[in-house]
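> Read off the chains here:
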Amino acid sequence: MRTTVLIIGGGVTGAGLARDLALRGVACVLVDKQDVNAGASGGNHGLLHSGARYVGSDPMAARECREEGDILRRIAPHCIEDTGGLFVAVCGDGESYIADFPGLCAKSGITATSLDVKTARDMEPALSDRLIAAYAVADASVDPFKLSLDNIGQATAHGARFLPWTQVVGFRLDAGRIRAAILRDAATGREYELEVSLVVNAAGAWAGRVAALAGPHVDLVFSKGTLLVTQSRITDRVVNRLRPATDADILVPGGTVSILGTTSVRIPDPDDCRPTIAEVDQIIDEGAAMVPELNSTRYIRAYSGVRPLFGKTSAGSGDRAVSRGFALLDHARDGVENFLTITGGKLTTYRLMAEKAADLVCAKLGVDAPCLTATTVMPPYAGGRWTEPGLAPRRWLKATDPTDSILCECEMVSKSVVDDIVRTMPPQSPGYTLVSIGLRSRIGKGPCQGGFCSIRVTGHLYDTDVVQGDQGLAEIRRFLDERWRGVHPILFDFPLLQAEFQEAVHCGLFGLELVLENGNGKGGE
Amino acid sequence: MSYAWFPGCRIPFHLPGYGRQSLAVLSTLGVHPVEMEFNCCGYPVRHQSLFASVLSAARAMAVAARAGHDILTPCKCCFGHLRFAQAALSERPDLRTAVTDALRPEGLRHDPDLTVTHLLPVLAREVGLAAVTKAVIRPLPGVRAAAHYGCHALRPSPVTRFDDPLSPTIFEDLLRTMGCVPVSWTLRLECCGQPLAGKNDRLAMALARSKYASAMEAGAQVLVTACTYCQMQLGAQALSCDLPMPGMGGAARPRPQPPMPVTAVSGLLGAAMGLWPLEDRLVPPPGTASVS
Amino acid sequence: MTVQSLPRHDVDLMVIGTGLAGMAAAAMAVRRGLSVALAGTSGESVYASGLLDLLAVHPVKDGRLWDDPFAALAALAADEPGHPYARLDRPGIEAAFAAFTAFLGEIGLDYHGHDGKNAMVLTPVGTIKHTYRVPAGMWAADAGIRTTPPALIVDFYGLKGFSSAQIAQTAGVFWPGLAHVRLPFPGGRPAPYPEPMALALESHKTRQELAKALSPHLRGREMVGFPAVLGIYRTRETLAALSELLGTPVFEIPTIPPAVTGLRLKAAFEEAMPERGVVTFFQKLVLGVRAEADGFACDVGWSSAEAQVRARGVILATGRFFGKGLVPHRKGVIEPLFGLPVVQPAARSQWHRDRMFDPAGHPINRAGLMTDDRFRPLWADGQPAFDGLYAVGSILAGHDWTRQKCGAGLALATAYAAVEDFAGRR
Amino acid sequence: MSLFAVILWICLAVCLGGTVWRMARWLLPDRSLAVPGLPPSGALAALLRSLSWPKALSAAPRMAFTFLFDILFQGHLLQRGSLWRWVMHFSLFAGFSGLFFFHALENFISRPFFPGYEPTLDPWQFLRNLFGAMVALGLGIALCRRLFVRDLRRTSRFEDFFTLALIGLIIASGFGLEGAKMASPAAFERMAADYYPTPDAADLTALRAYWATEGGMVFPVESLPREAVTPEILEKGREISEMSCAPCHSPPGSAFVSAPLSRVLSRVLAPAGAGLTDGLWWLHVLSCLFALAWLPFGKLFHILSTPVGILLRGLDPGEAAARPGMAAPLARAVGLDACTHCGICSRHCSVLPSFLALGTPEILPSEKLLSMRRLAGKSGKLTPAALAAFSEGGFVCTECMRCTVVCPSRINLQDLWLVSKREAARLGHPELAVRLRSYGPGVWETLARRARPVARTLAASPSLLDNPETFACCVQCSVCTGVCPIFRLPDIPAAEVDVSPHQLMNLVRMGLADHALSANFLWNCTTCYKCQEHCPQGIRVADVLYELRNLAHSKVEAAARAGLLDDMAARPQATGDAP
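Line by line, the protein sequences are chains A, B, C and D. When we follow our numbering, the leftmost residue of the first sequence carries the number 3, and every step to the right adds one. When we follow our numbering, the leftmost residue of the second sequence carries the number 4, and every step to the right adds one. When we follow our numbering, the leftmost residue of the third sequence carries the number 3, and every step to the right adds one. When we follow our numbering, the leftmost residue of the fourth sequence carries the number 6, and every step to the right adds one.
It is worth saying that the hints were derived from the structure and are not from the lab. Possibly wrong hints are sitting among the right ones.
[What the hints assert, rightly or not] Pairs of lysine-lysine, DSS-like flavour, derived with a Cα cap of 30 Å:
#1 D:K304 <-> D:K386
#2 D:K386 <-> B:K202
#3 A:K400 <-> B:K202
#4 A:K524 <-> C:K119
Isolated chain A, as found in the complex (with noise of 0.2 Å):
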């Protein structure tokens, strides 16, 4: 096999540079050692920044947030929801700025509008009575996978590829160049090689360790943000805390839910990134100071992301500080001529950062081709547009298929849905299906985390000859531990009931975790 460019990272940023390549004729292959958006760009709120957060703390980002956001509502509008947002004070955040965030906004050229405390409680009932001050600005919500999905979507339709649960695990070096990678498919564990004229580091948090794998040495530190997410929508618009940036001081409306978040924890090993339940204490605590509801309201799942930070490792609380704007490295100087590495930055400037990295790709390659990313309207990928919370359940108002019957009930997605998912995703490893097809919809989200629809989805995928043989006990697992990881640091009051439950039929009834220890058999005798 042989490719023009390997992207490694399936994270919005090696998918909008796959589509960036795509668009420019260059041929690429994506891979991913686990699927789309399994790092930081699954791990975030979702929030489209109007920029406003940075205006404080870095202007340029701000600005760049902002032109960015407004290329993405024209390029690909149905990614997001164009909600709108608050930055709200409470008592006691700091006097000073409040009074200086008109300044600074009006200096990155970002529209914050001044609202009276009573119109913002009109607008977003849920805000707490001890709100001081509130301005309007033109933040969104953006679904993350569609958003990759919709960018390997059309870098695929351009002649790019994408190998899901592909990890590289070594390169074939040759006179300082790269001239194949050594790729391993997750379930099979086959090995094989791929010949490239040029590799792009996308990995995210675990760029160091690709990069290690060809020789040069990139300095990361991880920083682990966790998030919430509510069973219900609590605020119609992305609501921020008016202070500097800390702790749990966003709330973005994610079509049903709302994300609550984040925190920011270094952490020494990427792959260590699980919400702690000292984390959810203190995000429900300080989320509650803004929306006092959050006390009281029923959470679904936490979930992490590691944003690696480029640069030098300041000590102590200053994560935040740590620029958050990207590194696009050549490794040329490391001596690797054909490989680059591009980590960092924030999901509202991925395409700016794929941009810069496929410019500088095209110049090695002496590829001379303009990047189209800005102007080309990215159509949505059928493959990603599951992903929008309640686009199942009104499409199933609107059919009439009496065949057809909901599989999952807390999020309403059909047989025709799922079998629609198969249809569109590349083809995935044994045990790794339902994974996949929760990724790219809305299964396994709502209140019951997979407990009842596992089965129902397994049994479906039966059915249709997806799945075989004892294959879905597997599947059922690997689902349920993938949902575990955020159920985990949740479970109070009704998630905990729920986990009981969920326990119940998943060990009591079925005997699960025997099965998996010993096999499914009869065992005992």
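For chain A, the structure is supplied; the task is to place chains B, C and D on it using the hints.
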């Protein structure tokens, strides 16, 4: 305890006998509800407007309260809805304010302590099963009777507080006082279908038919109701006819005698108390009464 | 206007909770001639699988399956002295099972099992469930799994969460001769949920149509497995009739709870309890209890008190978190009714392990009430909380019923022991 | 022919023609009043056929009693009515009848049948005043009731006050005319010239003085100097009056309304003189003639229709609405005309509180009847909005029959309301719930607040729909669906159960309540509350469902107000098979 008689809208025209007989039975047993002019309980507009329905109920209750009476109704929908309205008014201050404002011009006030009760609890608990048994002078021994409970009295039980919502016994207890043998039947606590009558007649009748069949299958010789709506619905079903369309005319087609009669409880109880002869259709054919 | 006073009942024993433990306690107390009141939400029995586990796994972290539950019990008692089973002996447990299955038989639910040996049934994901006593409908599966004759698994179009293909393929690992077929549900299409289907199959006509539709698929099949929809109120008749129509043994495979299997128990209990003179408060909670000189005064209701029950003794069978016997707040687990101390991990971070299917099980599942040998819950100082208060079933500390497969046995045996103790004191 | 005669004949013709036209509609009722399967026009024949001789004979005494007691004595108002109401209407009825027969028709009744009749002689002069006063009293009570009794004020319309005003004008102008004549020196001089031909100025002065003192006339100073009024002259005047005036003029005192009025008039209006009398005459006559001409077209027609209706009802005392027979269309048509819009039915209406809450006037029987009259008059050409209101009123009615019992005009309203439901449905306006059920997702998406999910916060409103805690404890077990009686029905089309109870709850939880309104199941729920009762987590499933139905109603009402409804109704996207 003095009661105002709240017959509900459907009795005067659709089921006058149930009203008359209930009053006769009650007065024989020493309960003398006072007849007053009431407005509709509000149940029929509940699906259209919570406020309209609660206001209706509140007004009716306020009228009774002003006269110093509690409310006694033979209709389970009236009973259930008046109770529902009481609960709604106690838990929703916004509703309470709006209702209070709407009642004020008439000089009426909502009284949260008013008691709303139904014919069955009055007979079984207030008069008491012993007293009813004593009043039964012509019992119907061995008649296998299926008690139809009616949804809005049983549920939602925190509001209606009628009986155990999943295992009620009050109706069977009362049937036993008449010498009947209550049968256990699968769809005992299910809906008669009346709320869909006129809205989706096919479903309404399918529900009624399934209930009827379930009682028949359990060996019931008579299906007994204690609700105007249920009696109208199941009575129509028993006659194996479709519900008459409003305003439809023409003479009734002769219909086959239903295999199992459906009757309201007062008619049966009054007959057992000797107030009137048992209707012919209710007399079990000889030899069918099981010996208990 | 008269303000009506709450209805009042005086009984010997108030049973709080309508899961298996509560129902068993009530049934057994009635058998002992006690007057009983029973309160609890309908959900508690409806989630039951209908299977009566005793003990199948020990130690949990090794996932060791036991064929002989009593041998497992002995090992468990030795290894885990804090386990409720460690306070019980074999005759008591056997008597509890005998009494309860006899009661179930009386109310139309037949149970089968091996003497001193666990049985096996199929689950809807094609695994084997090891259990002790099996409803008649699932009993043939035990023989099927042991002898693996050519068999047919049937499911119906529209019924979700139950795939005969999945079961046949997954269970094919140990039962190679499994075929599967999907049929339209016979006799007019009810909505594709188990309960309507079960109700429909109580009609002879529906069963006949089913048998007719199945006949082309039966050649060479010695056994037929169905989703557990063979009747709710008349399972005995439904099962026998279908088996006769098909000419082969028939077995049910439970569907995802809450399912018909639980509904059968619930429906039968709901009819049987009032018939046996139990004062029932189904779908009601005990909102508050006051200890009095010679017993307890319980407020029963939903959001506010609807009745008051005075009882000499109380059996607390309110279950764990799902049953609301234990409430897991962010800051810790409490027992809400009596405020009894709950044995639990020191911090929430220790409640669960990182993986759902961690072989060791989650520590929070062993949290619960400590009791003395008579199943009277204790205050923190080790003294029984009240003389006439018992705690039975899953609310007890020291067990992990989902992993040990001991939920029903624990419920029955502790309920039996508590009732015997209470009745014996009279 | 005089101008008066021309107007009179025109008015008579209009009155007669109108009456014939209106009564023809009784015999050929609109098809909206028909009994299905029976021709509407044969009603009278059928009625007559059904009256065999023995039957008719046996009915005769009852009918006679009805006529005497209910119609002449207005006894129907006493039954279940208030005394005030009877006094009011009996005064109007008796007073107006007296005036009509003995005053208006004096040339046809009073003169031929009562020799020596003179309108200015007692008892006629007194009676006329008495009748007039009765009418005035009745009018006064009626006006007070309409103005000060809240329930009646609510249903009073322009026509009610117009009618009162018209009768008031007739009576007032009559009294005014009589009073003006009494007070008019011009009339005196004319009479004196005609009946006291000896023009002795002194005698005339004496007569003037006498009439000025006794009759309250005011003469100009030049014809009756102030100093001329002495006892002697008065005595002389009395003698002359006895001789020449008394045979035709009772003392004005018996005109107990007009005489005092004349004194007032003479002081106030003396200068107007003869012109005033003429003016009042024309006013009186024209108002009478207008009333005559208007009779068949307004509520005054009840003078004819109500007695007919009462008599007809008397022929069929059974509960005709249950099984309406051949004669029903006739009875319905007469019934519609017999309504006096007195508002009693609405005052007692069982669903009055629903009207207070919902505000649609057609909920009240008196108002619904007006719609129905229009419907029957123009064969259903009500505007869509009027039809919608008519339908709402029709279906909010609970058929309690109270209006039928209290109706003073004995209209079989119960029967009419049953017809109203049928007709509304026939004209494409069945019960609102049925209509709402037929709206597909497209309609509801148009009306939705937003296409995407909306936020639900505890703080927004006290409704269950908006409260996220409503579903916080749902564990997705779907027990609510398992116990649903609709879902266990055999042979149920998939469209009837397109969404299950727990799916409905999930839609609301996801903020898609507006979209959930298109679910057929929302309207197929029997509201049996099993779901709510069996929910292990205590979620108020059925209460939420009721809120969804309320939401649908309010959305459609708002859309109708905004004029969106017709547009929507034109393109219903029914998914199921609406009944």
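> Compare the structure with each hint and give your call.
Here is what the structure says about each hint:
Of the pairs offered as hints, the one joining K304 of chain D and K386 of chain D holds, with about 21 Å between alpha carbons and a cut-off of 30 Å not exceeded. Proximity of K386 of chain D to K202 of chain B is assessed by CA-CA distance (about 25 Å); at most 30 Å being required, the pair is judged to hold. Proximity of K400 of chain A to K202 of chain B is assessed by CA-CA distance (about 22 Å); at most 30 Å being required, the pair is judged to hold. Of the pairs offered as hints, the one joining K524 of chain A and K119 of chain C holds, with about 14 Å between alpha carbons and a cut-off of 30 Å not exceeded.
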